[in-house]
Structure formats: C-alpha cells, structure tokens
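For the protein sequence lines, the chains are V and L, in the order given. Residues in the first sequence are numbered consecutively from 1066, following this note's numbering. Residues in the second sequence are numbered consecutively from 3, following this note's numbering.
Worth flagging that the hints you see were computed from the coordinates, not collected in a lab. We put the beta carbon where it would ideally sit given N, CA and C, even for glycine. You can take every hint at face value.
One side of the interface only, derived from the structure: several residues of chain V facing chain L at Cβ under 10 Å:
#1 Met1066
#2 Asp1140
#3 Thr1149
#4 Leu1153
Now the in silico label distances, taken between C-beta atoms and shown as ranges:
#5 Gly1104/V <-> His101/L: 56 to 64 Å
#6 Leu16/L <-> Met1076/V: 42 to 50 Å
#7 Asp155/L <-> Trp1079/V: 30 to 38 Å
#8 Met1085/V <-> His101/L: 20 to 28 Å
#9 Ala1262/V <-> Asp155/L: 53 to 61 Å
#10 Leu13/L <-> Val1089/V: 47 to 55 Å
What follows is each chain in one-letter form.
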Amino acid sequence: MLRWIVWRDLMLAWRRRSDMLSTVFFFVIVVSLFPLGIGPETQLLRSIAPGVVWVAALLASMLSLGRLFANDYQDGTLEQLLLTPQPLYLVVIGKVLAHWIVAEIPLVLIAPLVGVQFDLSRETLWVLFVSLLVGTPILSLIGSVGAALTLGLRGGGVLISILILPLYIPALIFGAGAVEASIIGVAAAPHLYLLGAFAVVSLLFAPWAASAALRISLE
Amino acid sequence: MRGDRRLFSGLDLLLAPGTFVQLTGPNGSGKTSLLRILCGLLAPAEGEVRWDGANIRSLAEDYYTSVTYLGHRPGVKDELSAVENLRISNELNGVEVSHEDGLAALQRIGLGGRESLPARFLSEGQRRRVALARLLLCKTRLWLLDEVMTSLDKGAVELVRSLIEEHLNRGGIAIVATHQELELSAGVTKRLELTT
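If we strip away everything but chain V, and leave its shape as in the complex, we get:
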C-alpha cells in the first residue's frame, strides 16, 4: 500500500519535473550568491559555509513543501486518500518519503559540488553530504505538519514558513555544527548522532501530527 503511494507521488513528480528542478536551481543559486558577494576571502568563506548551505537547504525545502498536500487537496484526491482502508499516518509517511526523494535527495547530491566554492576540504565536503543526508528527512517530516496545518488557507506559503522554520532550528544547529566541527578539525560524529536522534524523533511524531492536522483541514 505504502509502495503505491510512493510510486504515485514519484510518478506525479516526474510528470511535473519543472517543479523539482526549480527547487534544485534555487538551492544552487542561493548558495552561489554568497561567494560571489563576499569575494575570494577563503578564511571567511570557509567559516560561513556550513550555515549558508544549511540555511539554503531549509529555504529550498520550504519552496516544495507547499505542494506536498495542496495539489491533492485541490483535485479531491486527498479526500480519497483519507478514505482508504489504511492508517492515515502510513499515507503521510508515504507522501513524506516521496517528497524526500524528489525534493531533498537532489540537494544532498549537489551540495558537495556547490560546497567546493567555499574552499572546503574533501573530508569536510563528505561530512556536509552526510549531515544533509541525515538531516533532510527532518525537513520533510516536520514540514509535512506545517503543510497539513496550512492546507486550504490563503497565503499558506508565508504561514508555513513562520510555523515551520523555527522548528527546523535544532536540525540547523546540529547539521551546520557537524560541518563546522569538521572544518576546525574536531570530531563531527557527536553532532551527526544528535541529528540522527532528532530525525528518529520526528519520524515518530510528525506523521501522527500531520495526519491529525489533515483531518482537521478536511472537515
């Protein structure tokens, strides 16, 4: 059942590839603006790199979260998903998984490439990649709660940012912290473990909260 939801969402995303590409382009452009604006001061660039890449990833995921449920809501398929004989949180997990694959994985893959502009060492780029790989599921999971809460509201896009960005702060601190630790040469692993723990906690609670919010939004 879960397989069908993921497959459905992946196919829909594939048929609307431009949406997916715009998120990736947004991420690449935002990250690239900083080296261009600041100039070739490698010391400074290196110290701002973790924060810049992570903040850009947060903002890029904001762009795609609005569509997580909104399209299904408009054409009535979300209603039908609520009326399927399976727990609603499984439906949410399926949709979040598809969102992660479509909107976050491309960012994770391209991050080491854009990170090169900040004069990061190979080892640091590797830590950046891992921190995003562990941290981006948090963005999709917590974001799904915001997307469900703001469903059908006018100006939901701004509201979702106000609601969700503060909740991203722990992910930002530990994710950027891991990269920073690697730059100054201390162990990045503790940060990554905490990030992983936060991801597990969000996996436990977010689908639940999102399905409750969906029921309210569809009443």
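Starting from the structure of chain V, add chain L where the hints point.
Same frame as chain V, now just chain L:
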C-alpha cells in the same frame, strides 16, 4: 452543524442491504455534509453513525473496506492517464486491478480509446466517468455518491442507474445526493428530503 447553523436534526435511519436512498433538497440544505458525516470525513455535532452495529469512529480505517465515497470533485489526477488514475485509486483501496481490467472498465464506462490520455485533456464529464469507473471495480457494500450526475450526458446517467441497480441486486446500499430523479427497478427506494 456547519458554523453556527443547524442543518438537520433528529435524523434516524436504519438501512438494510439492497436499499437505495435518494437524498434531495435545495442547495445548502446539508446533503454534502450528511454524506461527509456518513463517510467519516466530518464528525456529527451530536449522535453517531453505525456500520454493522459498530460506531464508525471505533472502526476507523476498517470501515473504509466497505465504503466508496465519490464527492463533488472527481478526485482524478491531471498528470495521470485515465487507466493510471483508475488503477492507483483502486490499489490504494486494496483492490488489485490489472491493466486489462482497467481498460475493460473504462471501455464500459464509455472512455474506450482515451485510456492513455493524460486526464487534463479530458472534459469535465469524461473525468467524472473516470471517477465512476471505480464503482465498476470496487467491492464495497456502501456507496455514497454526491452529485455524481452533474456534467454527465444522458447515456452516462443511464449507465450510473444500471450500476446502482447491479449494486443493489448484490445486496449493496447506495446513498445518492442528486437533483435528478432516478427510477430504479431493483431494491427498495427511500427518499430523504432535507429542507433549509
């Protein structure tokens, strides 16, 4: 109860297998709200809905193995073709549909030759037909149909009528909100008129 307004009260219905309920009433009288309460999307302000003796709140998702609800919006994805829409919506409801079964159902509903066209190229009535094709394949006992006859031509209305008759003959229950009169030769017909 919608907002502060009481739409209907004192509603008590017991439906036996093979019953057809035609739900009528002027716009805004609560037909859609009643159907949404019956399928569990909306919680009633007072009272409860029971299925086989159990409250649908406690049945939760198990209830949906017995119910098919088709709402105002057809629930058809623009990006997917008719047959993909049909197969996915059935699979999500636990009904396995092969590609051939899907094609056959669409053929019967009058969409032969348009099975692989993305749904955004279909007309309003044709999308409605894609949604209705689900009724051909689902094995649920309770059908809740909300204004499904809008934007359908005469032939399609006739087809819906025969689908409901077959469903009643199998011992199913159908509750249909509609402004059109449906004369069925099968089952027991009840009329429920809501007033404002």
